[in-house]
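Q: These are the residues of each chain, in order.
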Amino acid sequence: MTELNISILEQKFQEKIDNDIKIEPRDWMPDNYRQTLIRQISQHAHSEVVGMLPEGNWITRAPNLRRKAVLLAKVQDEAGHGLYLYSATETLGADREQTIDDLHSGVAKYSSIFNYPTVSWADMGAIGWLVDGAAIMNQVPLCRCSYGPYARAMVRVCKEESFHQRQGFEIMTTLAKGSPEQKEMAQDALNRFWWPSLMMFGPNDAESKHTEQSMKWKIKRHTNDELRQMFVDATVPQAELIGLTIPDKDLKWNEETGHYEFGAIDWAEFWEVVKGNGPCNKDRIDTRRRAKEKGAWVREAANAYAEKRRKRKAS
Amino acid sequence: MNALFEYLIRLGDDSLIIGHRLSEWCGHGPVLEEDIAMTNLSLDFIGQTASLLKYAGEVEGKGRTEDDLAYLRCDREYKNILLVEQPNGDFGMTMMRQFLFDAYRKLLFERLVNAKDETIAAIAEKSLKETKYHFKHSSEWIIRLGDGTEESNRRVQDSLDTLWRYTSELFYTDAVDAELIAAGTIPSMEGLEEDWEKSVGEVLSEATLTIPTNNWKQEGGRKGMHSEHLGYILAELQYMQRAYPGLEW
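In order, the protein sequence lines correspond to chains W and D. Residues in the first sequence are numbered consecutively from 1, following this note's numbering. Residues in the second sequence are numbered consecutively from 1, following this note's numbering.
What the hints contain is simulated information worked out from the structure, not anything from laboratory work. We put the CB at the ideal spot given by N, CA and C, even for glycine. Wrong hints could be hidden among the right ones.
What the hints assert, rightly or not - Heads up, simulated BS3-like pairs for lysine-lysine below, C-alpha to C-alpha not over 30 angstroms straight-line:
no., chain 1, residue 1, chain 2, residue 2
1, W, K177, W, K249
2, D, K126, D, K116
3, W, K313, D, K62
4, D, K62, W, K177
5, W, K22, W, K109
6, D, K136, W, K294
7, W, K159, D, K129
8, W, K313, W, K22
9, D, K136, W, K292
Said to hold, decoys possible - Here chain W is said to cover these stretches of chain D; the calculated rule only asks that three of the stretch's residues, wherever they fall, bring their Cβ under 8 angstroms from a Cβ of chain W:
no., stretch
10, 18-24
11, 40-51
12, 86-94
13, 121-130
14, 180-193
15, 238-246
What the hints assert, rightly or not - So the derived list for chain D, only partly shown, Cβ under 7 angstroms to chain W, looks like this:
no., residue
16, G27
17, H28
18, D35
19, I36
20, G201
21, V203
22, W249
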């Protein structure tokens, strides 16, 4: 294909985007657009799957049958989201196994929040409330993403995430209204998960290398800092409502802007965790890799059996 | 002893403990589809536990809730069969345990839907729908693994050999069952074991697996005499309720 042809195709592609016409799997798309989506959607899928581990950590110890059932349902949703999103990457020509191997080898990233340990039951509340709350801020605009399969997947994902966020807040509310030790447990979880939750929106706009192009392609609709501000504005009143304190001495309401101002994020910590030096990075990846290795014989058997059946049917 | 209470505890504890074991797989399954399937199974079992133990508490009439019963009894008061508390082992072991149990549960609930006790009949009807799916899922895996590769055949055959000794307890009966059947609360369980042998035999044969000839049987769970494994399950299960007694969560 000549450069002229490509430039015409690119122009038509951008016109579609500008007119809010969805890009579908069989449509022509620039290679960078495809690669950006594969990277973003597979990161999202990996986050769902790795995210099962910190919550799975408390299923066997959930304090009553109702909480256990809700947590199981939530983790099951997350596995479902993972499957959904891996399928979306396949519509772009990615190979699911290769994508997963990239996670295991450290080439592909996932949300850094899951590299923090869940050390108390209150962390189940904090994750639902803050982590899923932050995820919703990120994901609701993705329902309008220019790539059709991703946008449609996100509609369902967001509905479920919204339920997760509410159940997390409900756990925190119950703890905050409970005994002094329960309230302390809730405050401690908020203290540990607050800053990593703010980091979930990614680096400041000036530092974010993908934002500008992604916004032009309508993969992203808001910048990292805009989304982070929306999250803070929504979450601070919720903490006040249940009598918990946001661990930020610089946090204050600004009448003029109509937004909360908040303190400086420790970006050194953020980059360390992204590089693999968080408290649980190694555990998480080792666990996922081990699950794949230990399951190899099962997958081989399933393939061998399917092959036998195919041959029997043919003969 | 209140026979109906005891009967409900036995069924409820089977669901609770196998649900717990399945939930240990969360995030560690051989494929993502099975992570979804096993959390779903576990969720069904925890739902059954809640229904059965809630009713047990009502029948007992001492004000104990389903959570009191699930979380605050001592080891010897749990009445689940030994099969369900056996460790997960590899995926083949878990599926074999599930298959042997599902085959029994399906036949049991098919009978209990006709119980004169309306609550038991209602719980059985809802659970039967779930159990049919569970049995299909575990049977298919047993066939796939048994008739898959040499390695998978060897692994599930080993699992069958290990777990076979716990299967006679599926059909354990005593005065509790006799009293409820005599009173017409639950229907007769005649033919349950024969039907199970037939149903299990068909799948194992298709899976090219061999039923062990060693007929040594290990029982005790229904009388509260458990393996060493149960204590660790309860230590995890009860952790929050024991560490922070009497709180709402």
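Q: Taking the earlier hints as the rules, which of them does this structure contradict?
A: 3, 8, 13, 14, 20, 21
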